[in-house]
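Asker: Given next are the chains, with one letter for each unit.
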Amino acid sequence: MIGYVPGASALHRAHPYTPLAIATGLFLMAFAVSAPGAVWVVVAAAALFAASAGVLGTVLRPAAILALPTWVLLTILHGLLGGAPHVMLGPVAFSVAGGERALVFGGRLAAILLAFLTALATVSPARLVEAMTARGVPFGRVYLLVSTLTVVPRLRARVRRIVDAQQCRGLRLGGSPLARLRALGPLVVPLVLSALAEVDEQALALDVRGGTARGRRTALDPPAERRADRAVRWVVVTAVVAAYAWKFLGAGR
Amino acid sequence: MALDAVTFAYPGAGTPALLDVSLAIEAGTVTGVTGAVGAGTSTLLLVAGGFAPRLTGGALSGRRDIATNRISIVFATPWTQLTGLATTVRAEVAFGPASLGWPRGSVLAACEAALRDLGVEHLADRDPGTLSGGELQRVVVASVLAMEPELLVLDDPAAELDPAGADALYALLPELARRGTAVLVATPDSERLARTAERVLVMEGGRVARDGPPAAVLDDTDVARIAWAAGCPAPYPLDVAALVARVVR
Chain A
247 MIGYVPGASA
257 LHRAHPYTPL
267 AIATGLFLMA
277 FAVSAPGAVW
287 VVVAAAALFA
297 ASAGVLGTVL
307 RPAAILALPT
317 WVLLTILHGL
327 LGGAPHVMLG
337 PVAFSVAGGE
347 RALVFGGRLA
357 AILLAFLTAL
367 ATVSPARLVE
377 AMTARGVPFG
387 RVYLLVSTLT
397 VVPRLRARVR
407 RIVDAQQCRG
417 LRLGGSPLAR
427 LRALGPLVVP
437 LVLSALAEVD
447 EQALALDVRG
457 GTARGRRTAL
467 DPPAERRADR
477 AVRWVVVTAV
487 VAAYAWKFLG
497 AGR
Chain B
68 MALDAVTFAY
78 PGAGTPALLD
88 VSLAIEAGTV
98 TGVTGAVGAG
108 TSTLLLVAGG
118 FAPRLTGGAL
128 SGRRDIATNR
138 ISIVFATPWT
148 QLTGLATTVR
158 AEVAFGPASL
168 GWPRGSVLAA
178 CEAALRDLGV
188 EHLADRDPGT
198 LSGGELQRVV
208 VASVLAMEPE
218 LLVLDDPAAE
228 LDPAGADALY
238 ALLPELARRG
248 TAVLVATPDS
258 ERLARTAERV
268 LVMEGGRVAR
278 DGPPAAVLDD
288 TDVARIAWAA
298 GCPAPYPLDV
308 AALVARVVR
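Chains as they are written, first to last, in the numbering used here: chain A, 247 to 499; chain B, 68 to 316.
Since the hints were made in silico from the structure, they are not lab data.
For each residue, glycine too, the CB sits at the ideal point set by N, CA and C.
Where hints are given, some of them may not hold.
[Claimed, not checked] Chain B stretches covered by chain A per the calculated footprint, using a threshold of three residues with CB under 8 Å from any CB of chain A:
id, region
1, 135-142
2, 170-176
[Stated by the list, open to error] What follows is a set of in silico ranges between Cβ atoms, one per label pair, in the way DEER data are often shown:
id, chain 1, residue 1, chain 2, residue 2, range
3, A, Ser440, B, Ala238, 50 to 60 Å
4, A, Gly283, B, Ser173, 33 to 43 Å
5, A, Arg472, B, Pro255, 47 to 57 Å
6, A, Asp446, B, Gly81, 54 to 64 Å
7, A, Gln413, B, Asp229, 21 to 31 Å
8, B, Ala231, A, Val397, 50 to 60 Å
9, A, Ala411, B, Ala235, 30 to 40 Å
10, A, Ala411, B, Pro241, 50 to 60 Å
11, A, Leu419, B, Ala231, 37 to 47 Å
12, A, Ala284, B, Ser173, 52 to 62 Å
13, A, Pro252, B, Val311, 51 to 61 Å
14, A, Arg259, B, Ala308, 54 to 64 Å
15, A, Arg400, B, Pro300, 35 to 45 Å
16, A, Gln412, B, Arg277, 39 to 49 Å
Could you build all of it, start to finish, from the sequences and the hints given here?
Answerer: Shown next, in the form of C-alpha cells:
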C-alpha cells in the first residue's frame, strides 16, 4: 500500500508540512553523509520516523520491493567491478571498497524510500489541500502535488476493477511467465485508455467546481500549526544545515 | 443563454454533432432535451453550458450568448465527477463554493442547504468513496447546487438513481427554476420530462426537430401510447392527470 493510512499518531495529527519536512530532511541527510555507517544511521532514523507513526510495517514491504532490485544490481556491479582490496567469496573476487559504495548508495535509497513512503502514509491529502490553501498556494499547484501523491492508490483501485472485469470475461492471470506476459495486454490497454478518459472528465468536473477560478480559495478547516510543528521543522533545518556544513568543511569525510 | 444558427463539430469528426441550432433558455424555466443516442443531446448541453469547444476542442460557428458565468453541469456517471480531493461528503460539496473564494460561513451555509435539498444530510460525514452510485449522484448534484448556479445543465442525471431518487431529483428541478435558475436537462425519460419541463426540445441528427410544451412535442409516454391505441386524437395526453382531464372534457 502506497498512500495515506489513517491513524492517530502525533505525525498524523501534526501539520501536514511537518512530516513532509522530516522526510525532506532525511533525504538531504542521506546525501550529506558519505560513510556507510552514517548512511545507515539515517536509514535507522527513517525507520524510526515510520515506527513513530505506526506505519513501519506498512511502508517496509513497498520500500523493500522498490529497493531490492537496485540493491542487488548495486552489489553485483560495485562488488565485481570495484577496486582493491578484494575478498574471495568462493570463486568470486568481491571488492571491499565496491561493497562499501553499494552500502552507501543502497542505504541512501532505503532512507529516501522509507522517509517519503512514511510521509505519504501520514499526510492526509485533504488536510494537505487545506494547509496549502490556507497558505495561499494556487489551486493548480495544490492539485498537481496532491493528485501526484494519490495517484498510486487510485491506479491500484482501477487495476483491481479491470482485473475483476477481465477475469469475469475469462482472462487467466496464472500459468507460465509467457502466459502471464500475454495477460498483461488486456489489463494495460484498458488501464491506460480509462485513465486518459478520466483525465478529461475530471478536468471538466474540476472546471465546473471552480478549480480554474481565479482568486484565493477559502480554506474551510485549515490544520492547526502548533509550536511543536514549528520546533520540529526548525530542528530538521538546523540538522541539515549542520550536516552540510560538516560535509563541506571536510570534517565529515 | 441563446444560440443563433450554431453548428459544432468535435475535433477530427467528419460531420458536425450540432447543426444550425437556434434557441434561447430563460432564467426560471426548466427546458428538457431528448432524442435518440447520437442525436446531439449531450453536445447541445456542452455547447449551451459553454463547455464546448472550450474544454472539448472542436469548431463552433454561429452566435452564442451566455449571460452568466455561474454555470454547472452534471453528467450521468457520478464517479468521474468527484474532485478526488475530499474525504467527506461535506468537503466534496463545499469544494465548489470554497474554490470561488466565498466567506467560510457562506460556504458552509450553501453546503448544508444543498445537502438538505438532495436529502443527503445524513451522508455528510461519509467518505464519498464508500457511497453507492445513487447516493453519489445525489452528492454530485448537491455539489453543483451549492455553487448556486444561474444555469444548471444536467445530462441524464437520474441514470444511476432508483425510481424514488429519480422522482425526488426531477421534483427538485421546478423548485430550482422558481428560485431563478435556468435548468436544461437531457434525458430519454419522456415520462419525467412530461411532468417536469415546461418546454421540450427533441433532437434528431444534431438539429432541433421539435420545440414546444411537452404535450405538443412528446408522444412516447406510456399514457400517450394508451391514448393513441384508444384512438384519441393528437396531441396525446402524457400522464394520467392529462388523460383524465381529456376524458372529463
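Asker: Now tell me if each hint is right for this structure.
Answerer: Hints, verified against the model:
Against chain A, the region 135-142 of chain B contributes 4 residues with a C-beta closer than 8 Å to a partner C-beta. That satisfies the three-residue criterion, and the hint holds. Coverage of the region 170-176 of chain B by chain A holds. Counting CB-CB distances below 8 Å, 4 residues qualify, and the rule asks for three or more. Checking the proposed 50 to 60 Å range against A:Ser440 and B:Ala238 shows it is violated: the Cβ atoms sit about 34 Å from each other. Between A:Gly283 and B:Ser173 the beta carbons are some 58 Å apart, a value that contradicts the proposed interval 33 to 43 Å.
A beta carbon spacing of about 56 Å between A:Arg472 and B:Pro255 agrees with the range 47 to 57 Å that was offered as a hint. For the pair A:Asp446 and B:Gly81, the supplied restraint of 54 to 64 Å is violated, since their beta-carbon distance comes to about 21 Å. Distance hint check for A:Gln413 and B:Asp229: the Cβ-Cβ separation is about 29 Å, which falls inside the suggested range of 21 to 31 Å. Checking the proposed 50 to 60 Å range against B:Ala231 and A:Val397 shows it is violated: the Cβ atoms sit about 37 Å from each other.
Taking the beta carbon of each, A:Ala411 and B:Ala235 are about 31 Å apart, inside 30 to 40 Å as hinted. For A:Ala411 and B:Pro241, the Cβ-Cβ distance of about 39 Å falls outside the hinted range of 50 to 60 Å, so the restraint is violated. Take A:Leu419 and B:Ala231: their Cβ atoms lie about 40 Å apart, and the range 37 to 47 Å holds. Our hint of 52 to 62 Å for A:Ala284 and B:Ser173 holds, since their Cβ atoms are close to 54 Å apart.
Evaluation of the 51 to 61 Å hint for A:Pro252 and B:Val311 yields a pass: the beta carbon distance comes to about 57 Å. Checked against the hint of 54 to 64 Å, the pair A:Arg259 and B:Ala308 passes, with Cβ atoms roughly 59 Å apart. In this structure the hint that A:Arg400 and B:Pro300 lie 35 to 45 Å apart at CB is violated, the actual value being about 57 Å. For the hinted restraint 39 to 49 Å between A:Gln412 and B:Arg277, the CB-CB distance of approximately 43 Å keeps it satisfied.
Hint compliance for this structure: hints 3, 4, 6, 8, 10 and 15 are broken, all remaining hints hold.
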